[in-house]
Amino acid sequence: MDDKVRELVAALAASGELERTVILFTSDHGDMLGERGMVQKRCFYEPSVRVPLTFPNGASAGTAVPEPVSLIDVLPTLLDLAAVPAESRARLDGRSLLPILGGDVGEDVPVFPEYHLEKVRAPCSMVSRGSLKYICVHRHDRLLST
89 MDDKVRELVA ALAASGELER TVILFTSDHG DMLGERGMVQ KRCFYEPSVR
139 VPLTFPNGAS AGTAVPEPVS LIDVLPTLLD LAAVPAESRA RLDGRSLLPI
189 LGGDVGEDVP VFPEYHLEKV RAPCSMVSRG SLKYICVHRH DRLLST
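Numbering follows our numbering, in which position 146 of the sequence shown is assigned residue number 234; successive positions increment by one, without gaps.
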């Protein structure tokens, strides 16, 4: 994937469009790949809940951000990058990541992943804030972890 992003950046630079282009890479969340004896995505352990989210060009390229963020933050971020005025936007969940990408840690905002899809016997919800994670699976013990 890194090679393909490098090729994309090189092609945009050669065409003169790199400075006018925002590149965003994200995907589905991870798979457990055998950790804890699990091979699927249906849990809130870190190997499963982590989602790649990178902006490989621009001022913050190569900067790792430790704060939890959510995919619902993507649209507000893109709207800010496109300089869409706040008053012309519909009410959006999520927040712009531009302050974080600029190095401003700011407010410690929680994220709220949920899993209610196929092959799950009970609704699963999580709140993650900083290094803490609270997991609630209907009819099971709740878990607070770091």
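Hints were generated in silico from the structure; no laboratory data involved. This one's a predicted model, so the numbers in the text were calculated from it and none came from an experiment. The beta-carbon is built from N, C-alpha and C at its ideal position, and this holds for glycine as well. Just so you know, not all the hints are guaranteed correct.
As the list claims (entries may be wrong) - Quick list of in silico lysine to aspartate or glutamate cross-link-like pairs, DMTMM-like style, CA-CA up to 25 Å:
no., residue 1, residue 2
1, Lys92, Glu105
2, Lys129, Asp90
3, Lys129, Glu175
4, Lys129, Asp161
5, Lys129, Glu107
6, Lys129, Asp229
7, Lys129, Asp119
8, Lys92, Glu107
9, Lys129, Asp192
10, Lys129, Asp116
11, Lys92, Glu123
12, Lys92, Asp119
As the list claims (entries may be wrong) - Simulated restraints on C-beta separations:
no., residue 1, residue 2, range
13, Asp181, Val153, 27 to 35 Å
14, Arg227, Thr109, 27 to 35 Å
15, Ser103, Glu206, 20 to 28 Å
16, Val110, Asp181, 15 to 23 Å
17, Ala149, Met126, 27 to 35 Å
(message) Holds or violated: lysine 129 and glutamate 107, Cα atoms, limit 25 Å.
(response) Status violated; Cα separation ~37 Å.
(request) With 20 to 28 Å as the target window, see if serine 103 and glutamate 206 comply at their CB atoms. (result) With a Cβ separation near 43 Å, serine 103 and glutamate 206 fall outside 20 to 28 Å, so the hint is violated.
(message) Against the 25 Å threshold, does the CA-CA distance of lysine 129 and aspartate 90 hold or violate the hint?
(response) The hint holds at about 24 Å.
(request) For the pair we were handed, lysine 129 and aspartate 229, check the Cα-Cα distance against 25 Å. (result) OK: lysine 129 and aspartate 229 at ~20 Å, within 25 Å.
(request) Could you see if the CB distance from aspartate 181 to valine 153 stays within 27 to 35 Å? (result) Between aspartate 181 and valine 153, where Cβ atoms are some 19 Å apart, the hint is violated.
(request) Starting from the hint 15 to 23 Å, judge whether the C-beta atoms of valine 110 and aspartate 181 obey it. (result) holds, 21 Å
(request) Decide if the proposed pair is consistent with the structure: lysine 129 and aspartate 192, CA atoms, cutoff 25 Å inclusive. (result) violated, 32 Å
(request) Would you check the hint for lysine 129 and aspartate 161, treating anything up to 25 Å between C-alpha atoms as holding? (result) holds, 22 Å
(message) Taking 27 to 35 Å as the stated bounds, is the beta-carbon spacing between arginine 227 and threonine 109 within them?
(response) violated, 48 Å
(message) Does glutamate 175 sit within 25 Å of lysine 129, going by the straight-line distance between their CA atoms?
(response) Between lysine 129 and glutamate 175 the Cα gap is close to 38 Å, so the pair fails against 25 Å, i.e. violated.
(message) Holds or violated: the 27 to 35 Å window for the beta-carbon distance between alanine 149 and methionine 126?
(response) holds, 33 Å
(request) Starting from lysine 92, check that the Cα of aspartate 119 is at most 25 Å away, please. (result) holds, 22 Å
The structure shown violates the earlier hints numbered 3, 5, 9, 11, 13, 14 and 15.
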